[in-house]
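For this one, chain A is given, so just place chain B on it according to the hints.
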Amino acid sequence: MASYSTNEFRSGLKVMLDGEPCSILDNEFVKPGKGQAFNRVKLRNLNTGRVWERTFKSGESLEGADVMDHEMEYLYSDGEFFHFMDPTNFEQVQADEKAVGDAAQWLKEQDVCTVTLYNGAPLSVTPPNFVELEIVETDPGLKGDTAQGGTKPAHLSTGAVVKVPLFISQGEVIRVDTRSGEYVSRVKS
Amino acid sequence: MVALRSRAALYAALRTRFAERGVMEVETPLLASSPVTDPHIDAIATANPLSGDHPFYLQTSPEYAMKRLLAAGSGAIFQICKAFRGSEHGARHNPEFTMLEWYEPGVALESLMDEVAAVIRLAVGDKAVEHMTYRSAFLTAVGLDPHTASLDALRDCASQHMDINFESDERDTWLQLIMSAVVEPSFDGEAITFVVDFPESQAALANIAIDAQGQSVARRFEAFCGGLELANGYDELRDAGELLRRIRRDHQQRKASGQTLPPIDRNLLSAMQAGLPDCCGVAVGLDRLLMLATSSSRIDEVVAFPLDRV
Numbered sequence: 036m037a038s039y040s041t042n043e044f045r046s047g048l049k050v051m052l053d054g055e056p057c058s059i060l061d062n063e064f065v066k067p068g069k070g071q072a073f074n075r076v077k078l079r080n081l082n083t084g085r086v087w088e089r090t091f092k093s094g095e096s097l098e099g100a101d102v103m104d105h106e107m108e109y110l111y112s113d114g115e116f117f118h119f120m121d122p123t124n125f126e127q128v129q130a131d132e133k134a135v136g137d138a139a140q141w142l143k144e145q146d147v148c149t150v151t152l153y154n155g156a157p158l159s160v161t162p163p164n165f166v167e168l169e170i171v172e173t174d175p176g177l178k179g180d181t182a183q184g185g186t187k188p189a190h191l192s193t194g195a196v197v198k199v200p201l202f203i204s205q206g207e208v209i210r211v212d213t214r215s216g217e218y219v220s221r222v223k224s
Numbered sequence: 122m123v124a125l126r127s128r129a130a131l132y133a134a135l136r137t138r139f140a141e142r143g144v145m146e147v148e149t150p151l152l153a154s155s156p157v158t159d160p161h162i163d164a165i166a167t168a169n170p171l172s173g174d175h176p177f178y179l180q181t182s183p184e185y186a187m188k189r190l191l192a193a194g195s196g197a198i199f200q201i202c203k204a205f206r207g208s209e210h211g212a213r214h215n216p217e218f219t220m221l222e223w224y225e226p227g228v229a230l231e232s233l234m235d236e237v238a239a240v241i242r243l244a245v246g247d248k249a250v251e252h253m254t255y256r257s258a259f260l261t262a263v264g265l266d267p268h269t270a271s272l273d274a275l276r277d278c279a280s281q282h283m284d285i286n287f288e289s290d291e292r293d294t295w296l297q298l299i300m301s302a303v304v305e306p307s308f309d310g311e312a313i314t315f316v317v318d319f320p321e322s323q324a325a326l327a328n329i330a331i332d333a334q335g336q337s338v339a340r341r342f343e344a345f346c347g348g349l350e351l352a353n354g355y356d357e358l359r360d361a362g363e364l365l366r367r368i369r370r371d372h373q374q375r376k377a378s379g380q381t382l383p384p385i386d387r388n389l390l391s392a393m394q395a396g397l398p399d400c401c402g403v404a405v406g407l408d409r410l411l412m413l414a415t416s417s418s419r420i421d422e423v424v425a426f427p428l429d430r431v
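Line order of the protein sequences matches chains A and B. Okay, so the first sequence: first residue is 36 according to this note's numbering, each after it adds one. Okay, so the second sequence: first residue is 122 according to this note's numbering, each after it adds one.
Isolated chain A, as found in the complex (with noise of 0.2 Å):
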């Protein structure tokens, strides 16, 4: 694996610190006019999601992580392993729980996730942007009542709650933001 120096840290970069794998979140260069250079880097642990700073000399270097992100097709999940296909060589990865964390509400069959592979190992799963899913629970819609800006809770098929405008039926497809979990429009089916 490549190693890289301080100038080189990026936002995103993924390298090896304390033996375990990390993405660079920011990185701030810090130099007196006169004197030594400083990086003050904030790395996330990709193992346990925790964000460290650290202070480096400009110019040392930290080795870079076999750390790759894959489009992979989500499969099903047999309840302990979630299963994931990539669409162009059809391999196959399965993923536990805690790779996959707050993903699985929103993990669909078919969908197209980002599999974070770390050693050829799923780390972690990024769910689509936008996802669109069934609602299966929530309390009867209130015909006409589109201006209001009332909301109320509705489950879906994947089992995320969200929160939706009071119009909305059960039985309906709905479009959902996946990085904030809101509610963004109404899938004409």
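I should point out that these hints are in silico values taken from the structure, not numbers from a laboratory. Virtual Cβ for every residue (Gly too), placed ideally from N, Cα, C. It cannot be assumed that every hint is accurate.
Claimed, not checked - To give a feel for the contact side, a few chain A residues facing chain B, derived at Cβ under 7 Å:
| no. | residue |
| --- | --- |
| 1 | Phe64 |
| 2 | Val65 |
| 3 | Pro67 |
| 4 | Phe73 |
| 5 | Lys77 |
| 6 | Arg89 |
| 7 | Thr90 |
| 8 | Phe91 |
Using the frame of chain A, we list chain B on its own:
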């Protein structure tokens, strides 16, 4: 466009002010045959314009050339020019940046600080001025005397404030880290803060003097405002022998860390041997001053085209 207009207005105001004070504007070459020897400054090498063997360098500051003019009897001079430093890139650094550098023979460091405050006010309006020594700044912010604290005490102090990924047995490395990461951020961002009398080991090209506590200190100041280091001023070293000793020390440090050894600027050396007048000089970062004037958080916002768009 707002930033470009502020820049034009600031340059006009600076030129008027210097003209009124009888400080002559000069221009010196951006290309240099010998870069600075400072181990922490990385000069950008360029091809030799006449296809000779040795490279040329983009100047890291007009200091050497302007000192040659002073030695030749120019009197008070200023320059607004580009300076270049390799590997310096971040929210407050661009490898190419604009410097205002000026020298005044026969003035005291304190009067130069007053004039720097006036220049900063040209850009950012009326602000209070605070003066402290390097020692008092450290004592207030972290309770350590930077001149006498042990290496271990400095290392512990830095480690209390941040997670550190390196080891160093250089006191200056720890002092500079604590200064940049802890002491400077504690300054009143609304005021212009001057820090004077640096550790002797960080003298660069400043004279050494004994302070009221009997401590040998470098007669240098830095000016800060709004969390930015804006200016670096010196009571200028005039002793050519001492200059050579400091260059030798820089070379040793560069050798130890595997850096290139830049050639010595013989022109500067002969100018200093011929006699540099007793003078003080200062460099002001004009891009940073414009960041303050336009409330910009990144240097990219005040230059016409940032590095990734040139």
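Identify whether the interface hint at A/Lys77 stands, where standing means a beta carbon of chain B within less than 7 Å of its own.
Violated, because the Cβ-Cβ distance from A/Lys77 to chain B comes to roughly 11 Å (cut-off 7 Å).
Taking the least C-beta to C-beta distance, is A/Phe91 closer than 7 Å to chain B?
holds (5 Å)
Return the status of the interface hint for A/Thr90: holds when the least beta-carbon distance to chain B is below 7 Å, violated otherwise.
holds (5 Å)
Using 7 Å as the Cβ threshold, decide whether A/Phe64 counts as touching chain B.
Constraint on A/Phe64 satisfied, holds at 3 Å.
Let me know if the C-beta of A/Phe73 comes in closer than 7 Å to any C-beta of chain B, holds or violated.
Holds, about 6 Å.
For the hint on A/Val65, does the least C-beta distance to chain B fall short of 7 Å?
holds (5 Å)
With chain B as the partner, please determine if A/Arg89 meets the hint condition of a C-beta pair closer than 7 Å.
Holds, about 5 Å.
Measuring from the C-beta of A/Pro67 to each C-beta in chain B, is the shortest one below 7 Å?
Holds: closest Cβ of chain B sits about 6 Å from A/Pro67, inside 7 Å.
Hint violations for this structure: number 5 only, all remaining hints satisfied.
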